[in-house]
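**Q** Each residue of the sequence shown is one higher than the one before, counting from 1 in my numbering.
Be aware that a few hints might be false.
In silico lysine-lysine, DSSO-like type, Cα no more than 30 angstroms apart, as pairs [to be verified]: (1) Lys593 - Lys527; (2) Lys243 - Lys261; (3) Lys531 - Lys174; (4) Lys617 - Lys600; (5) Lys243 - Lys596; (6) Lys459 - Lys285; (7) Lys364 - Lys174; (8) Lys244 - Lys208; (9) Lys378 - Lys63; (10) Lys174 - Lys285; (11) Lys174 - Lys55; (12) Lys174 - Lys244; (13) Lys63 - Lys243.
Read the hints as simulated data drawn from the structure, not as lab findings.
What you are looking at is a predicted structure, and each value in this text was computed from that prediction instead of being measured.
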Amino acid sequence: MTNKQQGSFSLAIRDDQVAVITMDIPGESMNVLKASFADEIDAILNTLQGNSDVKGVVIVSGKKDSFIAGADISMLDSCETAEQAEDIARMGQQMFDRIEQLKIPVVAAINGPCLGGGLELAMACHARIATDSAKTILGLPEVQLGLLPGSGGTQRLPRLVGVQKALDMMLTGKQLRASQAKKAGLVDDVVPATILLDAAVKRALQGKAKSVSKDKGIVAKLLENTGPGRNLLFSQALKQTLKKTQGNYPAPVRIIEVVRKGQDSGYAAGLAAEAKAFGQLCMTKESAALRSLFFATTQMKKETGAGETQPQQVRKAAVLGGGLMGGGIANVSSTKAGVPVRIKDINEQGISNALKYSYDLLQKKFKRRFISKAEMQKQLLLLTGSTDYSGFHDVDFVIEAVFEDLALKQQMVADIEQHCGEHTIFASNTSSLPISQIAAKATRPENVIGLHYFSPVDKMPLVEVIAHDKTSAQTIATTVAFARKQGKTPIVVKDGAGFYVNRILALYMNEAANLLLTGEPVEKIDKALVKFGFPVGPMTLLDEVGIDVGAKISPILTEQLGERFAPPPAFDKLLADGRKGKKSAKGFYLYGKSAKKGAKTVDNSVYSVLGVTPGGKLSSDAIANRCTAQMLNEAVRCLDEGVIASARDGDIGAIFGIGFPPFLGGPFRYIDTLGVTNLVASLRQLQAEHGERFAPCPRLLAMAEQNSRFYQ
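Take the sequences, apply the hints, and build the full model.
**A** Next up, the structure:
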């Protein structure tokens with residue numbers, strides 16, 4: 001065997017004359033493609049083309065659990081013009097075309113993530129072999145960065161899996177597991193990791209197989225292979241995309257255009273359109289905001305939340321309370337963090353409900369073949385329950401999810417201090433009570449912390465980690481690390497009513513209710529905020545969360561933070577009429593038998609309960625502006641008071657916690673885009689028209705004077 005090392009790539013020619021190219025970037029945990037690799041890859045391809053003895057090539061990763069995680073996003077941030085970004089795309093296209101044009105077979109041996117540019121490289125190979133590891137995933141997630149695949153992906157993926165499947169993958173960023181990828185025609189074979197290289201070498205020695213496109217079925221053939229069919233396919237894709245994105249995201253529309261160009265005018269025209277669109281998208285404010293979000297979350301993963309302090313290991317966790325939140329927390333602790341979880345509830349029914357929560361989710365995964373029966377049983381065995389504190393002696397981390405009653409929560413702290421070890425952390429999933437009050441009677445207050453999840457726990461990515469003034473750095477670091485293991489994005493916030501997310505959300509919801517009382521129709525308010533970029537409107541959200549929950553939190557916030565949080569009289573009237581929202585099947589919208597299937601219909605009787613006549617004079621933009629103005633103002637207040645440590649944390653918290661539009665980059669990036677002086681002028685006008693709750697906070701006024709920004 002002969003070896004040749006070339007920076008991040010090494011070339012070894014085996015005795016059977018199969019060349020193995022190994023990619024292994026020194027000092028990095030994952031491989032990413034950089035523009036600077038072009039010369040290295042060129043040199044290796046020149047060597048191969050100059051060696052007539054080589055019978056085939058295998059491309060493999062030197063990293064244990066990943067193939068190539070994508071392209072290096074930071075190189076795009078250094079581009080100042082669309083032309084520079086377009087050049088990067090063209091260079092990638094030419095490099096992968098050169099691989100595809102090699103006369104000998106090239107096989108990609110894939111283990112672990114094969115994403116973005118990594119999948120584009122694999123698709124340029126003549127065959128793809130993937131491992132059956134749970135870590136092996138394939139996808140083109142560029143749309144999540146406001147981009148499209150720029151190195152031939154928009155042209156090669158449809159050739160392999162068909163136009164419909166390719167659009168579905170590229171428009172959503174959906175990732176396929178190895179077995180799904182094989183079924184779709186994206187990989188040729190799936191093997192155990194132990195024989196990956198052998199299987200890839202064997203495939204390379206078989207010579208170039210004639211590519212067989214996946215049998216699409218008669219409907220797909222009619223849609224993809226005929227002019228009228230293609231017209232229908234692309235027009236439907238565009239219609240659905242615009243409905244979903246509300247026109248706020250340019251990338252999905254460009255993906256459809258570029259794929260269509262390749263289908264109608266051929267591969268070369270498709271590549272040219274792809275590179276041009278890639279360059280243009282790279283310069284959009286939407287892509288800049290989404291890339292900033294990517295960098296922020298990547299940076300946060302390296303932080304402990306407590307400076308240099310390192311976390312303790314959590315070997316066993318416990319959850320107090322078997323309700324919806326308790327069941328969800330137990331689920332992410334066992335299935336994602338992979339630790340045994342003891343659930344305590346006052347009765348067997350609560351434990352049974354919490355266990356069923358995990359069983360139902362795992363059963364769904366099993367039915368979709370995401371996990372095996374054995375894996376499902378293994379994960380269920382991590383969950384046990386008890387109506388007393390038996391099995392708590394060796395628990396490292398306890399999460400309390402009982403109802404909002406201070407005396408009850410203080411009793412829980414005392415119980416845990418009695419039944420668990422001195423090191424055991426007590427985390428409270430309270431949404432409104434200050435952690436300092438929960439820890440007020442604790443013997444070990446340094447072990448008490450807040451860990452605020454959002455519902456539904458298995459889907460919502462954010463958690464707020466709330467430290468009170470006596471919480472130790474060790475407790476913070478351990479809580480942040482454990483939340484990450486649960487698959488969450490944690491932000492550390494200061495103790496206080498509403499913490500950060502609920503505090504900025506409360507004013508937004510209150511203002512939507514105020515607008516309703518002036519006669520703006522329910523669906524008009526919701527549509528305005530969905531058009532602005534929220535996943536659902538505020539009235540729908542109130543129904544989902546529970547009108548009674550909003551009514552319960554508002555007085556706590558008003559008492560601690562001031563009159564601007566005073567709830568509108570709407571809440572009292574609705575609750576007096578038994579309207580709690582979805583859970584009581586009575587709210588702003590119709591539920592149960594009276595609701596139309598598949599469509600949300602407003603319950604018009606809500607207007608007579610509130611004593612208003614729906615009409616509405618405001619434009620969609622005016623409604624969105626009025627609801628979001630206070631949210632932005634309050635976010636800045638939270639930064640000023642140290643509730644959040646940085647604008648970055650505030651942006652992540654709002655996007656992941658309440659669905660603030662990601663393409664705007666979060667409240668603080670959005671304020672920078674609006675211009676702080678414009679926001680202050682808007683708040684002043686609203687203050688003159690509607691009262692003191694819109695008064696701009698001191699930090700905004702100071703920033704307006706200096707015309708400064710949150711991000712430089």
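**Q** Just to be careful, I want the Cα atoms of Lys617 and Lys600 compared with a cutoff of 30 angstroms; is the pair within it?
**A** Given that 30 angstroms is the threshold and the Cα spacing comes to 23 angstroms, the pair holds.
**Q** Next pair to validate is Lys174 with Lys285; report whether the Cα-Cα distance is within 30 angstroms.
**A** holds (23 angstroms)
**Q** Within a Cα-Cα threshold of 30 angstroms, do Lys459 and Lys285 meet the stated pairing?
**A** With a Cα-Cα distance of about 28 angstroms, the restraint between Lys459 and Lys285 holds, given a limit of 30 angstroms.
**Q** Under the criterion that the straight-line Cα-Cα distance not exceed 30 angstroms, is the pair Lys244, Lys208 satisfied?
**A** It is violated: about 42 angstroms lies between the C-alpha atoms, which goes past 30 angstroms.
**Q** Does Lys63 lie within 30 angstroms of Lys378 when you go C-alpha to C-alpha?
**A** holds (28 angstroms)
**Q** Starting from Lys243, check that the Cα of Lys261 is at most 30 angstroms away, please.
**A** Measuring from Cα to Cα gives roughly 22 angstroms; hence the hint holds.
**Q** Lys243 and Lys596 were given as a pair; does the straight-line alpha-carbon distance stay at or below 30 angstroms?
**A** holds (20 angstroms)
**Q** Would the pair Lys174 and Lys55 pass a check requiring their Cα atoms to be no farther apart than 30 angstroms?
**A** Distance of about 35 angstroms is beyond 30 angstroms: violated.
**Q** Quick one, are Lys364 and Lys174 close enough, alpha carbons at most 30 angstroms?
**A** Holds, at roughly 18 angstroms.
**Q** Is the straight-line distance between the alpha-carbon of Lys531 and that of Lys174 30 angstroms or less?
**A** holds (24 angstroms)
**Q** Taking only the CA atoms, is the gap from Lys63 to Lys243 under or equal to 30 angstroms?
**A** violated (41 angstroms)
**Q** Just to be careful, I want the Cα atoms of Lys174 and Lys244 compared with a cutoff of 30 angstroms; is the pair within it?
**A** Answer holds: Lys174 to Lys244 is near 15 angstroms, not above 30 angstroms.
Violated hints, listed in ascending order, are 8, 11 and 13; each of the other numbered hints is respected by the structure.
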